[in-house]
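In case it helps, the numbering used here puts the sequence shown at residues 8 to 299.
In case anyone wonders, no lab produced these hints; they're calculated from the structure.
Worth double-checking, as some hints may not be accurate.
[Stated by the list, open to error] Straight-line alpha carbon distances no greater than 27 Å define the calculated DSSO-like cross-link-like pairs of lysine-lysine that follow:
hint	residue 1	residue 2
1	LYS249	LYS174
2	LYS59	LYS16
3	LYS249	LYS59
4	LYS220	LYS186
5	LYS174	LYS220
6	LYS16	LYS249
7	LYS249	LYS186
8	LYS186	LYS16
9	LYS186	LYS174
10	LYS249	LYS220
11	LYS16	LYS174
12	LYS174	LYS59
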Amino acid sequence: MADNGLIDKVHDLSDLELAVLLCLISREHCLISTPASAIDDLVLELQLIATKTFGLEWAVIDCSPSTTLEDFASSLLSTSPPPPADTTTKNGESKSASYFSSQKQPRGIISSLNTGATTPGGSASSPQIANLQQQTDADDDDAASTGSIVKRVRADKHPTAPALVSKDDIICLREKGQKVQVDIDITRYQMNIVSFLRMHRAVDQGITPTATKHFGQLMRNLAPLHGLDFVTPALVDLAARKVYLHRIRMTDPDKERSMQWGSRLEAIEAMLQDVGPEEVLDEVMTMVTAPV
């Protein structure tokens, strides 16, 4: 179990800081959504979090819709050290903000623009944070005509004030998460959630193995943040909602599996009306019995 001083620091963090912390602990990407009108405020807050809370550098990259993956990677890696960034989309343009890398870690990561998909481009030791993506229906013709132009803004200098959460704190929490105990009943509960999500009538193409891997990783990493050295059913529930909410693809009524056996399209459309990922998760978590 993590020491009380570290736990107190974690409890004082904001929700966004906790999301960043979990990404750094897991060395994985996260997806943070926000209204288009709040993107600039989110970028500013992430810059402050990078510098003040974690003592990291940051980069903001504005890209056109036709910017390629190679352009984006080059913009991160062309100067030293290359910080990672979060991807947002506003008015037809992509804004990559606040992928963070440690000052001592010169390698970053690469993000696929406008898809929510990410590809690791750094070493396994690089702390990573994933895409922040917000899409609107607006299409900027001027931006589309500019081609693959990348505008980069970086932090002017290294942070000088001590970070609230140090690299050693992150390593400590990561090691604690790796040592967390998972009871067989908890594992069965986790696998039942995955199975019910895969078989849900409203879910298209099931649940990916990568999502299931992240599910198990997150529920373990949440335990030390709560001062525990074991995983509880409540942590499994929380991890499932954080991991799967943006990964569930809703099926089209004409592709719902019962159509193969003669179901009426009108009935399927009525059943799926107003059903989204949140409703699917709520239904699954209700159907799957948590261990006592």
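*What hint numbers does the structure not satisfy?*
Every hint satisfied by this model.
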